[in-house]
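Starting from the known structure of chain A, fit chain B onto it as the hints suggest.
Just so you know, the sequences run in chain order A and B. Residues in the first sequence are numbered consecutively from 0, following numbering that gives the first Met the number 0. Residues in the second sequence are numbered consecutively from 0, following numbering that gives the first Met the number 0.
FYI, nobody ran anything at the bench for these hints, they're computed from the structure. Hints should not be assumed to be uniformly reliable.
[Claimed, not checked] In silico DSBU-like cross-links for lysine-lysine, where the CA-CA straight-line distance does not exceed 35 Å:
hint, chain 1, residue 1, chain 2, residue 2
1, B, Lys509, B, Lys247
2, A, Lys247, A, Lys206
3, B, Lys14, B, Lys421
4, B, Lys158, B, Lys273
5, A, Lys158, B, Lys406
6, A, Lys273, A, Lys158
7, B, Lys421, A, Lys102
8, A, Lys406, B, Lys102
9, A, Lys102, B, Lys406
10, A, Lys247, A, Lys69
11, A, Lys421, B, Lys158
12, A, Lys406, A, Lys14
13, B, Lys247, B, Lys206
14, A, Lys273, A, Lys14
15, B, Lys206, A, Lys421
16, A, Lys158, A, Lys102
17, A, Lys406, B, Lys206
18, B, Lys421, A, Lys158
19, A, Lys14, A, Lys247
20, A, Lys421, B, Lys102
21, B, Lys14, B, Lys406
22, A, Lys406, A, Lys273
23, B, Lys69, B, Lys273
24, A, Lys273, B, Lys421
25, A, Lys206, B, Lys406
26, A, Lys509, A, Lys69
27, B, Lys273, A, Lys421
28, A, Lys206, B, Lys42
29, B, Lys42, B, Lys102
30, A, Lys14, B, Lys14
31, A, Lys509, A, Lys14
32, B, Lys14, B, Lys42
33, B, Lys158, A, Lys406
There are 2 protein chains.
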Amino acid sequence: MVEDLFMDDMRLRGKEVLRNVAFESYEQLSTKIGHSALQVNYKSVGSDDIQPILAEYLVGCDGAHSRVRKAIPGVEAVGVSQPAIWGVLDGELITDFPDIWSKTLVYSEEHGSILIVPRERNMTRLYIELKSCQTPTALADLARGDDLGQAFVMEQARKIMAPFRIDWSCIEWFGRYQVGQRLASHFSDESASVFLAGDASHTHSPKSAQGMNTAMHDSWNLAWKLNLAARGFARPELMASYEEERRKVALDLVNFDYEHANQIANGDAVALAKNFLFNVRFISGIGAEYGPSILTQPRVIHEESAFACAEAARPGSILPPAKVTRYIDANPVDIQLDIPMLGQFRIYLFAWDVFQSGTFLESFSNSISSRTSFVNALSAAATASYARQPRPTAPEDVYTRPERYVKASELFTFALITTMPKSEFEISDLPLLLQESRWTLYLDNVPEQDTRGVRCTEKWLGRLAPGEVAIVTVRPDGYVGSVGRWDAGLDESGANAARWLDEYYGGFLKLPDEPST
Amino acid sequence: MVEDLFMDDMRLRGKEVLRNVAFESYEQLSTKIGHSALQVNYKSVGSDDIQPILAEYLVGCDGAHSRVRKAIPGVEAVGVSQPAIWGVLDGELITDFPDIWSKTLVYSEEHGSILIVPRERNMTRLYIELKSCQTPTALADLARGDDLGQAFVMEQARKIMAPFRIDWSCIEWFGRYQVGQRLASHFSDESASVFLAGDASHTHSPKSAQGMNTAMHDSWNLAWKLNLAARGFARPELMASYEEERRKVALDLVNFDYEHANQIANGDAVALAKNFLFNVRFISGIGAEYGPSILTQPRVIHEESAFACAEAARPGSILPPAKVTRYIDANPVDIQLDIPMLGQFRIYLFAWDVFQSGTFLESFSNSISSRTSFVNALSAAATASYARQPRPTAPEDVYTRPERYVKASELFTFALITTMPKSEFEISDLPLLLQESRWTLYLDNVPEQDTRGVRCTEKWLGRLAPGEVAIVTVRPDGYVGSVGRWDAGLDESGANAARWLDEYYGGFLKLPDEPST
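The shape of chain A in the complex, shown without the other chains (with noise of 0.2 Å):
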């Protein structure tokens, strides 16, 4: 079902995946770092022909067993398997167990326990232990593939459910696995155009439902990072972040995994429901959270600030949601939602009041449109890669309008945020930058709305001075990268901000060579 959401989008733009194809091999035929050429050879199902197709990158998501992960030079995957063994079935029951329609643990202490976890369709995913089988000759039985079947697994179940009866009306898929808490030593080859993701490049157990989601997140750290560099504005840096932000969370992940998998088997609830509610920030995808570095700047503060330390937009952290007005159309929004993901950078601007920080944001404004601004260079830079390779359109576009969020530039979606009243300015007030910027223009009154009752300022930053202007940045993913704060009372701080973010960028972004084809 995720993955016909995914077919579907890219059919819509044009896009078609390559079906019943199996990953051979792959060579190198140029090592130039940044300009890598790959002739990927690929045999169709049925046939022992092997046919190549050239590439510039080459992504392995291709699971525990990945392939690609074993074409790249010196890349294993290291690590344990947990002696325990587990059957999952997928089904609707008949039984007079009440509790199926909630993540429900059920402990033998004799035969194992059962992961119960409710599905769609009247359905319910069972994991199953196979306590008997966690034995050397066992093992071994099963490193042959005998005996373990559907009907033991279900067997088995019924075992540990008693005095519960359980049957299943119909069964739609069973499945059986050893854990294993594994890391591909690299996430990449050297010459960062080979790339693993999800099971490829992480193993660990299915349980807390981190496998689809957490390669989800891989191929989302990857795909800006790819598009960059396939346009030519991606330092070898920025590429090589994948596997450093990457292999921090998988490590967590793993961490995790190891422990929370041992709880279930160990059948002791409140341990289990305890170590569950500590983990839950990390396991609904919020916690996975990157460490310092070029691209998630440690919080510098430019001109002194006593209270920047409350900040929960944090550098390597996804925004916080947060609700506000849109200032064109009066809608309230959830302003971490509101900018579509276009491949752009977001740097929102807070600032209490637009006249009285109007110095600071004519002259960001200014130096962010001079010629001697990096941002404005690769923003022309990428007006010109857009307008050769523009991104696949598709007729829904009509209705979300990508345009309005990179009529500024192509590469960064400039947004500005105050608390001033709608009647109090006009969009005409504000510099052309900001003006050319009006769909991503913020009133920061709805604090009603937000879960914490907070207006976004101050759960963004903790809180803005009198006077302060803050820049928050966002990667292409979602994730904050910086977190700058001004004093919009001297003269040059609209100027240094705008030199701050020629730094940031400058860090991991670089103007292309040539015209990229």
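Below, chain B without anything else, positioned relative to chain A:
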């Protein structure tokens, strides 16, 4: 777009709309009420042949100039036309006027008013008053269809908007109308087999978006009654209630609209905003309420209760939104939306404590299931009726599981709302009727998720006294039908409550005479 949603849904359920045919006339083949047969005559577009179709019912949803209305003996549109003539333009604007993304009123004393309504796809709708046409001569011109074409209307818009400039990069739709507030003298024929809905039964200005919305409410009010009539469950009183209820709403609308349209033309922005705010409950649809009738009983307190005055779930009004936790899967839900609308009535029981109210629940459940219960007899007949003629199904049903809500009865969904903690009782502690209704067992324990911070019990009932049990019945269209309260400590309360339901439903439902076809 809205039509497509309905048609897609119909198509999923195997129903198609016959297009390119025009209603000509109908004849009543039999006039016995409740068993009418109609011959409806229609013409295909481009043909003069009149073709007949046989039908039990005919609903004229054919707009302000409804031919069905004209065909019903003795029915005519009654009301007045306003002198104002308006043009409507949907298109993409080129303008320096900044406020086209909110609903905006522009008033020129000399040239008249423009109402600006933002639309999808960058479009803006303009309602343009053609003030210069409010003379007898101009009205006569209009009657002849002269002069007031698109170019004229665009020119009027430019005059009203000056000194702002306005032009169109494209125009998708142009229309022109004279506002008239009219009501059909009857909404159905005497035999209750021909009905009018939407503009066919009431016309008014389009400016508060009440045309389509009220039409859908009309149809929705009629649809469930027609379903019951077609299955033989409807007393004549039920079919008569359509006109009674919807005429009241149409009158409310026409009165509001008259005032509102005049205020738009008057150009007093403050008075208009005040009028809009005062009427916003009505405009949103929530405020469309029905008066006391056999369907929407004035509040009757069967056992004395001191706390019945603050009831928010009032007969004749829509259910107020409230949050509860579904017992079976511990999911928080919007209770007013949780039970899918399958043409059935809903019966909500409120009890603080499942065990203290045990006698009531048991005796209520037994009475409802007894051979003397009218509700039980209706349910039995409904089982037969839905077996002969099932609800049309759609593939999506596999996700929504409608069968969960009609297990105890095809005609009634029973629900229990309690503040008791989940850990203190099991579904198996409940009487069978409520065990069969396990998907509609709710815990009233999430007031913090409510917009007003109160529990469903308080929101719907004002207050429920200790030891009291209350019942709120809801019609298939989501309107509250009746509210009753009983002292759970009295032995006869449960049976009394069941009898109270029998009396209520007996007012407008009956057992089918014979198996319907």
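Hint-by-hint comparison with the structure:
no.	hint	in the structure
1	B:Lys509 - B:Lys247	26 Å, holds
2	A:Lys247 - A:Lys206	20 Å, holds
3	B:Lys14 - B:Lys421	43 Å, violated
4	B:Lys158 - B:Lys273	27 Å, holds
5	A:Lys158 - B:Lys406	31 Å, holds
6	A:Lys273 - A:Lys158	27 Å, holds
7	B:Lys421 - A:Lys102	15 Å, holds
8	A:Lys406 - B:Lys102	25 Å, holds
9	A:Lys102 - B:Lys406	25 Å, holds
10	A:Lys247 - A:Lys69	21 Å, holds
11	A:Lys421 - B:Lys158	27 Å, holds
12	A:Lys406 - A:Lys14	26 Å, holds
13	B:Lys247 - B:Lys206	20 Å, holds
14	A:Lys273 - A:Lys14	45 Å, violated
15	B:Lys206 - A:Lys421	25 Å, holds
16	A:Lys158 - A:Lys102	20 Å, holds
17	A:Lys406 - B:Lys206	33 Å, holds
18	B:Lys421 - A:Lys158	27 Å, holds
19	A:Lys14 - A:Lys247	32 Å, holds
20	A:Lys421 - B:Lys102	15 Å, holds
21	B:Lys14 - B:Lys406	26 Å, holds
22	A:Lys406 - A:Lys273	49 Å, violated
23	B:Lys69 - B:Lys273	38 Å, violated
24	A:Lys273 - B:Lys421	19 Å, holds
25	A:Lys206 - B:Lys406	33 Å, holds
26	A:Lys509 - A:Lys69	32 Å, holds
27	B:Lys273 - A:Lys421	19 Å, holds
28	A:Lys206 - B:Lys42	63 Å, violated
29	B:Lys42 - B:Lys102	42 Å, violated
30	A:Lys14 - B:Lys14	34 Å, holds
31	A:Lys509 - A:Lys14	29 Å, holds
32	B:Lys14 - B:Lys42	21 Å, holds
33	B:Lys158 - A:Lys406	31 Å, holds
When each numbered hint is compared with the structure, violations occur for hints 3, 14, 22, 23, 28, 29.
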